[in-house]
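Once you have looked at the hints, place chain B on chain A.
Protein chains: 2
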Amino acid sequence: MEFPLYKKRDVAIVGVGTSKFGERWDKSLRELAWEAAVPAVEDAGIQGRDVQLVIFGNMSGGLFVGQEHVGALIADFLGLNPTPAIRVEAACASGGVALFQGYLAVASGLYDVVAVGGIEKMTDVPSDRATLALAGAMDSEWEAYFGATFPGLYALIAQRYMYEYKLSRETLAEVAVKNHYHGSMNPFAHFQFRTSVERVVSSPLVADPLRRDDCCPISDGAACVILVPAEKARRYTDTPIYIKACTVASDKLALFEREDITTLRATIEASRDAYRIAKLSPADIDVVEVHDCFTIAEIIALEDLGFATKGEAGKLYEEGETYVGGKLPVNTDGGLKAGGHAVGATGVKQVVELVKQLRGEAEKGRQVSNAEYGLAQNVGGSGATVVVTIVGR
Amino acid sequence: MEFPLYKKRDVAIVGVGTSKFGERWDKSLRELAWEAAVPAVEDAGIQGRDVQLVIFGNMSGGLFVGQEHVGALIADFLGLNPTPAIRVEAACASGGVALFQGYLAVASGLYDVVAVGGIEKMTDVPSDRATLALAGAMDSEWEAYFGATFPGLYALIAQRYMYEYKLSRETLAEVAVKNHYHGSMNPFAHFQFRTSVERVVSSPLVADPLRRDDCCPISDGAACVILVPAEKARRYTDTPIYIKACTVASDKLALFEREDITTLRATIEASRDAYRIAKLSPADIDVVEVHDCFTIAEIIALEDLGFATKGEAGKLYEEGETYVGGKLPVNTDGGLKAGGHAVGATGVKQVVELVKQLRGEAEKGRQVSNAEYGLAQNVGGSGATVVVTIVGR
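Line by line, the protein sequences give chains A and B.
Residue 1 is where the first sequence starts when you use the working numbering, and the numbers rise one by one after that.
Residue 394 is where the second sequence starts when you use the working numbering, and the numbers rise one by one after that.
Bound-form chain A, shown alone (with noise of 0.2 Å):
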C-alpha cells in the first residue's frame, strides 16, 4: 500500500528524555514515566501544558503491575488532565507504534505538539511470572498453551539459522561482546560492563544453542520523545532530528504458521515502505538501532533491513563492522541485551539514541562521528509486529 496518502507536513524530534534501565526497585510505573518525560519536556523548552496529547507504548501494566488504563495514570501523575492521553500496544514494539500514532497525529497536522512515550516496569514479579506476561506476545492459544517460551522460539529461529548460513556459536556471541561494549558507555545502560566471547559462550544454556549471554535482561524503564511540526522545530531548538518515515507492518502471529523462520517478513514490508518514503536505501544510514531481543534477532534484522545479504550478516561481526568506528554502527547504545529491554520502552529508548547520535550527544566513547540518518527496527512478539524509523538531520 502506498502510504502516506497524504501528508500535511514533516515531523521534527526536538525533546528526547530516558530514564536508566534496570532492576528499578526504587522506581513504580508512575515514577518511571516521570523519569523519562520530565527530561525530555526541559529538553524541548516546554512546559507540560503545552503538549496536547500523549501517547505511550506499554505491553502489560496488567500482568506485570495490575495497572491497566496506563494512559490516564500518566496524564495524571504529570499532570496534565484534562490532555487525552492513550495507551498503545504492540507487544514489545509498543514504543514504536506509540511513535507511530504520534508521527500521524504531528504528520497530520492534527496536533502540533504531542508527547510519546514508552514504559514497562518488569521486576516487580518473579521471573517465572514475567516470562509467563511475556508469553502474552507470542500466539498464546498456539504457542504458549503448549509450553513455548521466547527464548525457545528464537532458539527455533537460532538453531535453523545457524544450520542453513554456517553461522558460528562464536560469531553469534559477538552480537552480545559489542553490545556490552556499547552498554559500558552509556550511562542509562542495564549492563554497563563488557563481556567476552568466552564468557557468553560458557554461560548457562538457555534453550539451545541460547545461552543467558544470548538474551537481553528483564528491564524496568522508560523513555520519551516530543514531537512538533517540522516547520516549527527551530522554535524549540538548534538541532531538531526530522523522522523521514515511521512504518509498521504486521505479519502472521505464530511461528509456525510463516514460510521462512529465518527472515521477518514485516521487517522486510516495514523498510522496504520507509525506504521508499524517506528517499533513502540502506547505504545511506550511518547508525541502526536493531531490536536484540537475542543475539540471533539482530543478525537476521541486519538482513531483512538491507544491511547484509541473506546469509552474510555475520561477517559483519568477524570483521568488527557493527562497532562504533565501524562500517555500520549497531546498537551504539548497548541495544536491548546490555542496554535493557523494558518491553514497551524499548522502540522509543532506540529512538532517543539515535537522536542522540545525531546531536552528536551521545556520552562517552559511544558517538559515531558525523552521522547523518539513523534507523530503529522495533520487533513485537517473534516478529508479527514491525516498526521501522528513520530519522536524519
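A hint or two may mislead.
As a list, the in silico DSS-like pairs of lysine-lysine whose alpha-carbon atoms are at most 27 Å apart [stated by the list, open to error]:
(1) B:K401 - A:K8
(2) B:K672 - A:K8
(3) B:K413 - A:K232
(4) A:K327 - A:K310
(5) A:K310 - A:K279
Hints are computed from structural coordinates only; laboratory data are not their basis.
As the structure is a prediction and not an experimental result, all values here were calculated from the model.
Coordinates of chain B only, in the frame set by chain A:
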C-alpha cells in the same frame, strides 16, 4: 485546547458489525473479532485487502486470556497481513479511543479505509480474577491495593449523589429497568429479559447502595466499524453516517483526588469540545448511548453531557422520558447493563447502535423514529478517560 487544529476532511461510517454479547464459552478472543469484523466489512461492501489500518480497543487481553499483541492477533486471523494493526487501551474506554485514533487517521487524510474495533473476552477467568483484572482500570497503587473494587468506587459515588441530590433508590432502579426493556428487543444483548423496580431493589446487595441489578455484567463481545472519508462514502453505502466529532479528555485516575465525585470532569470537558466541533447542542441529540457500568453512572452522565441540570436527571426516569418513544431515548440497545459490557468493545458497540438508529435499522420495537443525531459517551475506569462521539446522518 482548540482541536482539531486542522482537519482535511470529514469522516463517515460505512459498515458496522457486532458479535452477540454474553458468556460466549464457545468463542475465543480471535473468533469474537471475526464475528464483529466480517459483518462490518460485508456491510461496507469491501474486502479485507481494502483495509489500510486496523485499530482495536482491548482493555486486558493479558489478564483475561493471557494474550497481549492483540492487534497482530486480529490482523493475522482476519488474513490482513501485512496491514498495520494496533491495539489501543484506556480501560473501559478502549473502544472509544480506538474510534478516536481511527477518526484521526481518516480525518487527517492519511488513510482512506480504516477498520476500528473493540473486543474483550472476560469469562474465561473466574469472577474474582475478572474483578482483579478490572481493578487495573483504577489506580492500582492507591485504590486497588487497599481493597477497592469498581462496585465499591461507584457505591461511594452513588452514596454521595443520593445524599446530595435526594435521588431515591427506586428512581435509580428505573435505569436498569429501562435498559433491560431495551435489551429485550436487541438480539445481540447479553440479557434479553425485562425486569422491574421490585426485582432490582431486592436483588443481592453488592456494595451499598448498589445491588446486583445495578451492575452491568461481565461479558464477552466485539464490535467493529469501517471508516472512510465522507467525500467517498457514497461509493460504499447509500446510508453513510458521519462522525461530527470524536473527543477524548483525561482526569485524575483515583477517585479521592477529585474535587467532586458526583460529576465526571472528563465527560464535561470532552462533551464541551464535541458540541463545539459538531456545532450542536444537547437539544439537537435524538438518541444517546452512555456508559452505564452501574445505574448511578447513567444518571451522572446525562447531567455531565448537558441533558439535565445537576441533580435533576432522575426526573427523566420518573417521567419515562429515557425510553424509546420518550424525549431522550438512552441506551436503546440495553446499554452496558442489559446489552452487556465486554469492556474493550463497549465504546465501539455504542457507536454501532447509534449507526443502526440513524439508519433506521434497529431491530424489533426499539427504533427511535427519525433520529438525526446520536451521541455516545464511553468512560474508562471511574472517569479518568472519557470519549464523546457525535454522529449524524
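Hint by hint, here is what the structure shows:
Simply put, K401 of chain B and K8 of chain A have alpha-carbon atoms about 9 Å apart, close enough for the 27 Å limit, and the pair holds. Note on K672 of chain B and K8 of chain A: the hinted pairing holds, with a Cα-Cα distance of about 25 Å set against a maximum of 27 Å. For the hint pairing K413 of chain B with K232 of chain A, the CA-to-CA distance comes to about 49 Å; that exceeds 27 Å, so the pair is violated. As the CA atoms of K327 of chain A and K310 of chain A are separated by approximately 18 Å, the hinted pair is consistent with the 27 Å bound.
The hinted pair formed by K310 of chain A and K279 of chain A meets the criterion: a straight-line CA distance of about 23 Å does not exceed 27 Å.
Going down the numbered hints, you'll see the structure goes against just number 3.
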